[in-house]
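K.L.:
Chain order of the listed sequences is A and B. When you line the first sequence up against our numbering, it's residues 1 to 440, in that order. When you line the second sequence up against our numbering, it's residues 441 to 665, in that order.
Source of the hints: derived by calculation from the structure; they are not laboratory data. All the given hints hold, so there is nothing to weed out.
Quick list of the computed label-pair ranges, beta carbon to beta carbon:
1) A:W15 with B:R566: 29 to 35 Å
2) B:D459 with A:G430: 22 to 28 Å
3) A:G430 with B:S455: 21 to 27 Å
4) B:D459 with A:V412: 46 to 52 Å
5) B:V656 with A:G430: 35 to 41 Å
6) A:L411 with B:S561: 28 to 34 Å
7) B:A444 with A:E435: 30 to 36 Å
8) A:W426 with B:K651: 43 to 49 Å
9) A:L23 with B:R484: 50 to 56 Å
10) B:A463 with A:V320: 48 to 54 Å
11) A:W426 with B:G504: 26 to 32 Å
For glycine and all other residues, C-beta sits at the position ideal for the given N, C-alpha and C.
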Amino acid sequence: MNILTIALRNARKKWVRTSLLLLVFTLGVVSIVALGFVSRVVGEGLEQKLVSFGANILVSPKSEKLTVSYGGFALGDMLFDVTYLDEAATQAQIDTIALRKNISVVAPKLVVLDRVNGSAVALVGVRFERERQLKGFWVAEQGVIPGETPEQAADRVVMNAPARHEDPAHAPGGQPLSPAQSTGPSAPPSASKPVRVAAGPNGLLAGSAAAAKLSLHVGSVVPLGAHHFVVAGILAPTGSDDDNVLLADMTELQRASGHPGEVNFVEVAALCSACPIDDIVTQLGQALPGTDIKTLRGIVEQRMVSVRFVKKLILSVSLVILLTGCSMVGVSMLSAVNERKKEIGILRSLGFARRSVFAIFCAEAAAIGLIAGAAGYVAGYLVSFRILDMLEVEGAGGVSFEPLHLLATALVLALLTSLASLFPAWKAAGIEPSEALVTL
Amino acid sequence: MPEAFRLEAAGVTKSFTQDGLPAQALSGVSLTVDAGEFVSIVGRSGSGKSTLLSVLSTLLKPDGGRLLYNGVDLADAGEAKINALRQRDFAVIFQFHYLLPYLTALENTLLPFMRGLRPVSAEQRRRALDCLKRVGLAEKAARLPGQLSGGEQQRVAIARALVKNARILFADEPTGSLDSATGTAVMELLAALPGEGLSVVMVTHNEEYAKRSHRVVRMADGRVL
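I would like the entire structure built from these sequences, with the hints used as guidance.
P.N.:
Right under this line is the structure:
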């Protein structure tokens, strides 16, 4: 038995009031914790989706370009000098910037013009594994996306099986045909079996429009100089530039085009929920002198706005809930001070110092905060799964129970409720025994 | 033998404002209480007896005059000094028992020792049980005030005064809310305390009860007659 006994016994005696306060505060904490968990999962999902929309910063060599038009007729751009970036050096420099952690994907590009079946087409060298991170919207309409693991490819084949066509031009066992076995476009495959073309280093991914225009299908061979590429997959329409190009493995295309280790430009996907995109651009500019750094501001700012909006919303709701809870504690404590005036008088007449009376009220509020914080965290953790389920949001695995967070929540709530009870406690401490007990 | 001490009020004045008008509750009251004394203060309502008791027990600060305890003037003493006196030497009981309703009789008795985070010791607990036994409530130590009669509640308040070995018990109409039989029982208890070294200063309307004290101080219009 000590001074805390007085606070806790009173809380127990006034169990209806205590329960009500606990309920309100616990509900508040549940809302905050659940919203926090849900917003984190949704935010992470949003970031993933936003990243999948593609790059938002373009790094390219500085070049002198002249836009030529005459008599209102545009003749295109005249490029005086085509320059290349060293892929490895550029990547290394990008890795040095302070905001590197905000860069999710660095995707270099090499563009080579080729002529296939009499039509000009751009072959774009990419690192497929990074490109797939950047372009989550890619779906192989036929075949596979180079760089996919066999399991991923198999999943995609199964998922898209009805739309797939067997390629008569590939060898049994999934091995691509050699250029000698199949040159140029071949007949469209039948729709009876899924296509399984292993994407070797010379595998090509054809954009939907390019494949249609060039009559390409899985297994078609596309020559480039002495090299031959084999179409491993055809993309479903994306509505982007990817529809009109053929995408090849970077290393193979660099070798085939005589530009080993060189790229034309680098696409960078940055998510700046916590930093200004301008800072990344500035740092990239400093790390890569002699390059042009351009931002696709619309995408970037939309990303930032979305993430900020969600966070601000959560913060606002949390603040309102906390303020409401704190106000309730404050008002309740204030009314308790008036109700317990005689008790306070007795304590003071027994020699309790003002600070002791102050501590009793703060301790009572802190106990409510402590319990509400702990119970609210646990309940909020459980409720967040239900909310995510109701919202049909995937990623509940991202919700993890953190004992330290539980402790921190309980302590913060105890602090908040104590702060909310400061005025009532101060008022209680100011009560003189004479005014509480003496009837003159 | 009780330890010697002296509480002395000298020319104490106290006024209040009632309905916007000043009212003189005490007009130069002087009174002395010595160790082992039982002093009754009697007078009609509004005579200033409760105000005097409140001033003597440090619950109320006088406007003027001196309040000396063992030669130390309490009229201008700081809060720490006053708190120390209330903790050790002075105890007050009122017409209404004013027990904390959510603490048992034992816990209410132990209340003077529950001022800090340090838990009540086994010795203090034993002493509290002894005090409850002294007032005839040992077997009801675990009961809440609501489960006790008015007289029993008042006796718990007396036990709370005894437990800290106070030197003076100030009692403001201690039998005022009790029936005659219970009031008499409480009075018998109070009357026995000076013999145990605890001085008692009691305010009462009841002349019969006042007769049981060593000295009766009569008041009227804020003055000792």
